[in-house]
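Enquirer: Each chain, written out:
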Amino acid sequence: MTSEPMQVDCKEAAKRLNELIDGELTPEVEETIEHHLKDCARCMAVFEFEEAFCRFVKIKAKRQTAPEGLKERILKELGLSGNSCNE
Amino acid sequence: MYTLILPETVEVGPVGFSPDEKREAFEKEAIPYLDTVYRVALRLAGDSTQADDLTQETMLKAYKAWHQYKQGTNVRAWLLTILRHTFINEYRREKNRGTTVDITEFEQFTVFHDVQEVDPEGRFFDRIVDDEVLRAIDQLPEEFRECLVLSDIADLSYAEIADVMKVPVGTVKSRLFRARQALQRVLYDYAVEAGYIKRSVR
Chain A
-19 MTSEPMQVDC
-9 KEAAKRLNEL
1 IDGELTPEVE
11 ETIEHHLKDC
21 ARCMAVFEFE
31 EAFCRFVKIK
41 AKRQTAPEGL
51 KERILKELGL
61 SGNSCNE
Chain B
111 MYTLILPETV
121 EVGPVGFSPD
131 EKREAFEKEA
141 IPYLDTVYRV
151 ALRLAGDSTQ
161 ADDLTQETML
171 KAYKAWHQYK
181 QGTNVRAWLL
191 TILRHTFINE
201 YRREKNRGTT
211 VDITEFEQFT
221 VFHDVQEVDP
231 EGRFFDRIVD
241 DEVLRAIDQL
251 PEEFRECLVL
261 SDIADLSYAE
271 IADVMKVPVG
281 TVKSRLFRAR
291 QALQRVLYDY
301 AVEAGYIKRS
311 VR
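Here the protein sequences come in this chain order: A and B.
All residue numbers for the first sequence refer to this note's numbering, where the first residue is -19 and numbers rise by one.
All residue numbers for the second sequence refer to this note's numbering, where the first residue is 111 and numbers rise by one.
Be aware that one or more of the hints could be misleading.
[Claimed, not checked] Derived DSS-like pairs (lysine-lysine); straight-line CA-CA distance at most 30 Å:
{"hint": "1", "chain 1": "B", "residue 1": "K308", "chain 2": "A", "residue 2": "K38"}
{"hint": "2", "chain 1": "B", "residue 1": "K276", "chain 2": "B", "residue 2": "K174"}
{"hint": "3", "chain 1": "B", "residue 1": "K283", "chain 2": "A", "residue 2": "K38"}
{"hint": "4", "chain 1": "A", "residue 1": "K56", "chain 2": "B", "residue 2": "K283"}
{"hint": "5", "chain 1": "B", "residue 1": "K276", "chain 2": "B", "residue 2": "K180"}
{"hint": "6", "chain 1": "A", "residue 1": "K56", "chain 2": "B", "residue 2": "K171"}
{"hint": "7", "chain 1": "A", "residue 1": "K(-9)", "chain 2": "B", "residue 2": "K174"}
{"hint": "8", "chain 1": "A", "residue 1": "K38", "chain 2": "A", "residue 2": "K51"}
[What the hints assert, rightly or not] Label pairs and their computed distance ranges (CB to CB):
{"hint": "9", "chain 1": "A", "residue 1": "M(-14)", "chain 2": "B", "residue 2": "H177", "range": "42 to 52 Å"}
{"hint": "10", "chain 1": "A", "residue 1": "E57", "chain 2": "B", "residue 2": "T183", "range": "17 to 27 Å"}
{"hint": "11", "chain 1": "A", "residue 1": "K(-5)", "chain 2": "B", "residue 2": "L170", "range": "37 to 47 Å"}
{"hint": "12", "chain 1": "A", "residue 1": "M(-14)", "chain 2": "B", "residue 2": "H223", "range": "20 to 30 Å"}
{"hint": "13", "chain 1": "B", "residue 1": "H223", "chain 2": "A", "residue 2": "D19", "range": "32 to 42 Å"}
The set of hints was computed from the structure by calculation and includes no laboratory data.
Yeah, the Cβ is synthetic: ideal placement off N, Cα and C, and Gly gets one too.
Let the hints inform the model, and build the full structure from the sequences given.
Expert: Structure (structure tokens):
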């Protein structure tokens, strides 16, 4: 069955941007918001800005790794070899 | 729900699991997330000595309780539930963590409106060094910081964060939204002060 996607205004779209970035919307709502973004250059610009910001935070906040000494201590305590320490 | 009934004594493992199999499974499934556990521990505890201890205790408890981990569920969420439980019960003190931003003071508007004329793509953010970003995250009030860290460092879904924090999904959504807005604002102000971008007059 094909039907026209539901319409949303800029205010509603703005409220859903985080969920869209995080992949938390249902496929129907996602389609509705994406449809709005395609038609609204301003909302699309805000979305791209927010998405870039989230990506930036994730990259910067994930660079630290556990100190080698700590890893060794934990593995030793558990009697493990440590062959799978990298994500 | 990630239920957590941590044993007082060392468990030898689930029925049907030999100690070798338990070791192998833990090494394969839980150990790869040691860095994630450490990163989250660091943001919760606020100092590296406590983060070391918290990480070690979390991994040891997880190993003892491995029989409680439900295969096929998100092992990161399970480890972080143990981490948070341990932090709240044994590490959290009413100590001064330094300045915490008052999140209610922040306007509920994206920084985009301030920078749309000069840098609509937010390239100025890339000039901010890692330590400054981590410092800004650490300034967020705990419940907002936890949400942001579980989402953006540990990549948990809203439902998983809700389970770990024992709050409704709606609360996760609103805290995460406000945490990101506040973080954006703190980093924007920093970028202005550092001369990475000129403050616009709205």
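Enquirer: It remains to establish, for every hint, whether it holds in the given structure.
Expert: Hint check:
Taking the CA atoms of K308 (chain B) and K38 (chain A), the gap is about 25 Å. The hint holds against a cut of 30 Å. For a cut-off of 30 Å, the pair hint linking K276 (chain B) to K174 (chain B) stands: about 23 Å separates their Cα positions. Straight-line distance between C-alpha atoms of K283 (chain B) and K38 (chain A) comes to about 17 Å, which keeps the hinted pair within the 30 Å bound. For the hint linking K56 (chain A) to K283 (chain B), the alpha-carbon distance of about 40 Å lies beyond 30 Å, and the restraint is violated.
At roughly 18 Å between alpha-carbon atoms, K276 (chain B) and K180 (chain B) fall within 30 Å of each other, so this suggested pair holds. Proximity of K56 (chain A) to K171 (chain B) is assessed by CA-CA distance (about 15 Å); at most 30 Å being required, the pair is judged to hold. A threshold of 30 Å between alpha carbons decides the hint, and for K(-9) (chain A) with K174 (chain B) the separation of about 49 Å lies outside it, so the pair is violated. Note on K38 (chain A) and K51 (chain A): the hinted pairing holds, with a Cα-Cα distance of about 23 Å set against a maximum of 30 Å.
M(-14) (chain A) and H177 (chain B) have their C-beta atoms about 47 Å apart, which keeps the hinted 42 to 52 Å range intact. One distance hint, 17 to 27 Å for the beta-carbon pair E57 (chain A) and T183 (chain B), holds here, with the actual separation near 25 Å. A C-beta distance of roughly 43 Å is found between K(-5) (chain A) and L170 (chain B), which places it inside the suggested range of 37 to 47 Å. Between M(-14) (chain A) and H223 (chain B) the C-beta distance comes to about 27 Å, which sits within the given range of 20 to 30 Å.
Separated by about 20 Å at the C-beta atoms, H223 (chain B) and D19 (chain A) break the suggested range of 32 to 42 Å.
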